[in-house]
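So the sequences go chain by chain: L and B. So in the numbering used here, spot 77 of the first sequence is number 79, and the numbers just go up one at a time. So in the numbering used here, spot 155 of the second sequence is number 157, and the numbers just go up one at a time.
Heads up, a few of these hints could be off.
Label pairs and their calculated CB-CB ranges [claimed, not checked]:
hint: 1; chain 1: L; residue 1: Leu247; chain 2: B; residue 2: Lys16; range: 19 to 25 Å
hint: 2; chain 1: B; residue 1: Leu175; chain 2: L; residue 2: Asn242; range: 41 to 47 Å
hint: 3; chain 1: B; residue 1: Ile232; chain 2: L; residue 2: Ala133; range: 56 to 62 Å
hint: 4; chain 1: B; residue 1: Met168; chain 2: L; residue 2: Val114; range: 44 to 50 Å
Chain B is nowhere near these chain L residues, computed Cβ spacing over 10 Å in every case [unchecked claim]:
hint: 5; residue: Trp33
hint: 6; residue: Ser146
hint: 7; residue: Gln238
FYI, nobody ran anything at the bench for these hints, they're computed from the structure. Note that CB positions come from ideal geometry on N, CA and C, so glycine has one too.
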Amino acid sequence: MSLDAAMMRATAPAILPGSGGLRGALSDLFWRKPKVLLLLMLLPPVLWLGIVYIGSLFALLAQSFFSIDEFSGLINREFTLKTYGDLFQAANLDIILRTVTMAALVTLASAVIAFPIAYYAARYARGRWKALFYLGIMLPLWSSYLVKIYAWKLILAKEGILTWLLAKLHLLWVLDAWLSLPIVGGNSLSVSFTGTFIVFVYVWLPFMILPVQAALERVPGNLVEASSDLGASPGQTFRNVLFPLALPGIVAGSIFTFSLTLGDYIIPQIIGTSRLFIGQAVYSQQGTAGNIPLAAAFTVVPIVIMGFYLWGAKRMGAFDAL
Amino acid sequence: MRSDGSQSAPIGLKIAAACGLLFLHLPILLIFVYAFTTEEKSFVWPPPGLTTQWFAVTWNRPDVWQALSLSVRVAAISTAIALILGTLCSAAVSRTRFFGRETISLLVILPIALPGIITGIALRSAFSLADIPFSFWTIVLGHATFCVVVVYNNAVARFRRTSGSMIEASMDLGADGFQTFRHVVLPNIATALLAGGMLAFALSFDEVIVTTFTAGQQQTLPIWMLEELIRPRQRPVTNVVAMVVMLVTLLPILAAYYLTRDGDQIAGSGK
Chain L
3 MSLDAAMMRA TAPAILPGSG GLRGALSDLF WRKPKVLLLL MLLPPVLWLG
53 IVYIGSLFAL LAQSFFSIDE FSGLINREFT LKTYGDLFQA ANLDIILRTV
103 TMAALVTLAS AVIAFPIAYY AARYARGRWK ALFYLGIMLP LWSSYLVKIY
153 AWKLILAKEG ILTWLLAKLH LLWVLDAWLS LPIVGGNSLS VSFTGTFIVF
203 VYVWLPFMIL PVQAALERVP GNLVEASSDL GASPGQTFRN VLFPLALPGI
253 VAGSIFTFSL TLGDYIIPQI IGTSRLFIGQ AVYSQQGTAG NIPLAAAFTV
303 VPIVIMGFYL WGAKRMGAFD AL
Chain B
3 MRSDGSQSAP IGLKIAAACG LLFLHLPILL IFVYAFTTEE KSFVWPPPGL
53 TTQWFAVTWN RPDVWQALSL SVRVAAISTA IALILGTLCS AAVSRTRFFG
103 RETISLLVIL PIALPGIITG IALRSAFSLA DIPFSFWTIV LGHATFCVVV
153 VYNNAVARFR RTSGSMIEAS MDLGADGFQT FRHVVLPNIA TALLAGGMLA
203 FALSFDEVIV TTFTAGQQQT LPIWMLEELI RPRQRPVTNV VAMVVMLVTL
253 LPILAAYYLT RDGDQIAGSG K
């Protein structure tokens, strides 16, 4: 206890003494002026995220208004809309359309597969089973992204386990018929859009299950019972009671599946055809082509699409289900 | 207690849920089998034979060790930064209501809500505009940014459960702000921070999309893995590394789950 604390005790005996020193002074300051403490707590994270992240986003936006000099390959730092003009070429529009279609299909399939898992976990799983379901969804969600893709490369390869399984079941002709189809087919599943689609669904599925489960947890069980008491068939109950109540959760999950598919470039690169997705276009523009402005402009596309998507989702009440 | 607790599910639902879970888990199990295969050139199933020799081969590969070491260092430092920033932010947001509070939550969540490629190319653009060369720290900069949210989510959930009157009681009993933090606040949020830190570590250790934009020529373990996936050199080594990576990321998740499972919100439900 320092000298000034002792003095304080002598002059103001009715009030508790401060603990003295710099530490005491600071502690007293924080107590008397909570705003100072609040400011000090907020300053580091806000500065970090503001400068590193928001700053980078602005840098990205700025880059998309620059252009590349076609002869020297240098970036010309003057405002121009030329890069956005380049973006709207037929080949690039193709890439955008392909990516959006894939994202929509992946979202739809994830919702269909996720619903039974989420419904069972929310309504029927209790105690130990509930924990098991929770881990059963959480472990695939958090396990290594690249290893998951690698696992599918093993499964979908021509000599892999899927072909082996189908051969054992004498169903190889189904696979061959599917692979001979245009667009979705290919040499083997690991170099076809079907393969890309399966892996996308696999990797993003947990992101769909969790919000749907959260939405279904909030549906009281007796609502479903009341519906069947009133004579609804299970199908009618699903259409008129469960589905509308789960919809905000599905929309919330679809934000993830849609946005993650829009931005991914590793899955279609490893399992897929040579036709590009938005992410791959961005990556190759900034890397081998060195055209950061065009890469930046390409990235603005998913941002705008997601902006509209989030706006629509907000109107459907999806954010309450997150 | 709900009345439907004992009711059993329709058989169709059971089958659909079970198939869904199998779909999620079988591919992961496959990784553990392939780590022991004797086949070198292809992904042939069933494995022609089982061996443990590739573990020794992988052990003696300096490139794997270098990549692993870089990944661990990046993840450790990013986690440390995320722990400090995330705790500060969550304490500020949950203790007081102030103007712009919602904006700050949004700011924290944004780096993980937007696709990784946007974060990646944004950082890449910023480095290019500011003429910052790629280094260890450019990787950390990106990783710490999206790890903050994991710590933040865990800490906010815990702060919501701890009552503010404990802090007031501590102050009434004569403790100053620092003592209160050390002896009252910290013990209360410690497990949540530990869980958040582990998840942040797992997230950073596994990150590849942002890293490809911020690493330049450096190889973290996921980038090493990506290289092997695109241009395979020695497949059995990749198999072994895949299994190790899977274990390294799963253990922190399980630990984080057991640390926070008694709470109303369990760690890891938002990635």
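Fill in: Numbers of unmet hints, in rising order
2, 3, 5 and 6
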